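Residue strings, one per chain:
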Amino acid sequence: MDTGFWILQFLNALQFSFLLFLLSVGLTVIFGLMHFVNLAHGALYAFGAYVAASVAASYGYWAGVFVAPFAVAVLGLVLYQFLIKRMRSSGPMAQVLVTFGLMFALLDLTRIIWGDLALALDVPASLSGRISIFGVEYPLYRFFVMMVGAIALIMLNLILARTQIGAMIRAGVDNDKMASCLGINVERLFFIVFCVGCALAGIAGAVAAPLLSVVPEMGLEILIPTLIVIVIGGLGSLKGAITGSLIYGFVQTFGAVFAPQFASVVIYVLLALILITKPNGLFPSRGG
Amino acid sequence: MFYQTSTRTFMLITFTLICIYVAFTADYFGLEILTEILILAMIAMALDMVAGFGGMVSLCHGALAGVGAYAYAVCTAKLGWNVPLSIVLTCCFTGVIAWIIGAVCSRTHGIYFIMATLAFGQMAYSFVFESAYLGGDNGLSGIPRLDLSAINIDLFDSRNFALVCLFALFCCYLFAWRILSSGLGRSLVGLMYSEQRSLAIGQNVSRIKAHVFGLSGLILGLAGSLGAQHIMFISPNLLMWTYSGEVLVVTILGGLGTLFGPIVGAAAFILLKHQVSEYTNYWHLAVGIILIAVVMGGAKGLYGSLEAYIEQRLRSRSSTSTNVISEEE
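Residue numbers (our numbering), protein chains in the order written: chain A, 1 to 288; chain B, 1001 to 1329.
No lab work stands behind these hints, which were simulated from the structure alone. Note that the structure is predicted; figures quoted are calculated from it, not measured. Mixed in with the good hints, there may be bad ones.
Stated by the list, open to error - Here are the simulated lysine to any residue pairs, SDA-like style, with alpha carbons at most 20 Å apart: (1) A:K85 <-> B:I1289; (2) A:K85 <-> B:V1294; (3) B:K1300 <-> A:F250; (4) A:K85 <-> B:A1293; (5) B:K1300 <-> A:S90; (6) A:K239 <-> A:A171; (7) A:K278 <-> B:R1107; (8) B:K1078 <-> B:W1099; (9) A:K239 <-> A:F250; (10) B:K1078 <-> B:F1127.
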């Protein structure tokens, strides 16, 4: 095992972390602002991957990547209007149950629309090469996924920290009643944030599609890692989402190198330790 | 607070009689469904103990029953211990595991509790999935059933097995009733309404939660070992988190916090599943829509609504009769 091997593992871990970040950031901001946990988030990711794969089949990869987030945001809009708006005031159990039901329903809907067979989405020619990083040949597409995650992180950070709408969102997370007293339309803010979170899930699905095969269960498989990320990081904070993603990505990748037998158990043990010592995660939002 | 009202006693006796009637008239397929219902009802009842009376919405109860099934399989098929001892050990083992999970998770609340239990269930799943000793993805087979030939009962007959499961469910109900009406159970209901007040009157909230969680684990151990004996083969799919979610669905469908409701929920769920599966492959779509409808409707579940209706009728009747008496006076 030389240095090249370790750099490769490091890059793999980083790429996986950024993919998880794209998914978990939507979930965590929705939670932080609305105190609403959406178990159907994984299903939205799968929906994004399917839309990307079927659009890309006739109009090329880039069309798929651009259409997917909009399609998922529209689906999110419909769900918000018909279900989530009414569930806002109920307790966490009712919300978990409704989104659990929603997850099952969306899973079977993707089966009905696209069938049980796996779809494939090819890497576009412009991203199919390899790139040399620290003397290691690395697939360009995986590097692209990392860049998408990093750009999303920087953009979200700038929006939340520097713009007026970011300030309004932060105010809503801290104290939604006070924010609405100050004339902020918190309901509309929730709605926008929910749609943006869904769009991010759609992007994650679209960029992940060429790395994995697109199957109906992909949403179920990614949901648990995403939930672990936001519980480790603390619900509702951007810092928590990126820290949790990095912890999960690195523990999973390097765990598989050092102790393949226990790789997936290690992350759960870590989660249990964090829950015992810091029940609200590493960086909880003040409002949560 | 849990009360064994006359309505509940009446329902329990009716249910038992219906099950006995079905057991003696149904064919092989019907008996298999009956056994499936009874085992699921035990798991859902254990969940109702913690969720309906303690506010601890656990997403690992299905996985814990799976832990019970694996513990039983290891004791019998792997180590060759005798069956009654294995069942007792399985219950104790599952109870201890549940107690530990309850103790760790009792510090968290609301959505964090749900997530934490989910994580523990997944931990068990991935441990079993990756363990070569436990058969990994392939599961374990060759699990023996309880041998009751000493008292002339052949448990390989599905009718006898269904009746044993019915007896086990009845015992579990009595056990849960006993726990919930004890001091521990009353403290649990108290802290569900206000944890602050429970703390203020000097109760050890975490310990109460952990104890009841562990006790519900005993039921899960029994249910798991019966489930393993029923199919005589187990696979990691038993521990999938979606199964734990289905157990929660069953409990809600029947009526949370009624103890008898989960039994009704299990019967409705399994019968519906078999009916829907005859028409379509998309069973999950149906369960998703039903779940959303039940929760959005704010209903108390099938049995919960029925019980509320009956109690209201009884109360209005008794109040009119007292009115008549007072007018006569």
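Evaluation of the provided hints:
This hinted pair checks out: K85 (chain A) and I1289 (chain B) have alpha carbons roughly 17 Å apart, not beyond 20 Å. Taken as a hint, the K85 (chain A) and V1294 (chain B) pair is honoured in the structure, with Cα atoms around 17 Å apart against an allowance of 20 Å. Proximity of K1300 (chain B) to F250 (chain A) is assessed by CA-CA distance (about 45 Å); at most 20 Å being required, the pair is judged violated. A C-alpha spacing of about 15 Å is found between K85 (chain A) and A1293 (chain B), which places the hinted pair at or below 20 Å, so the restraint holds.
Restraint check for K1300 (chain B) and S90 (chain A): satisfied, since their Cα atoms lie roughly 14 Å apart, inside the 20 Å limit. Between the alpha carbons of K239 (chain A) and A171 (chain A) the distance comes to roughly 17 Å, so the proposed pair stays at or under 20 Å and holds. Among the hinted pairs, K278 (chain A) with R1107 (chain B) is consistent with the structure: their alpha-carbon atoms are about 10 Å apart, no more than 20 Å. Note on K1078 (chain B) and W1099 (chain B): the hinted pairing is violated, with a Cα-Cα distance of about 25 Å set against a maximum of 20 Å.
Taking the CA atoms of K239 (chain A) and F250 (chain A), the gap is about 17 Å. The hint holds against a cut of 20 Å. A C-alpha spacing of about 17 Å is found between K1078 (chain B) and F1127 (chain B), which places the hinted pair at or below 20 Å, so the restraint holds.
Checked against the numbered hints above, the structure breaks hints 3, 8 and satisfies the rest.
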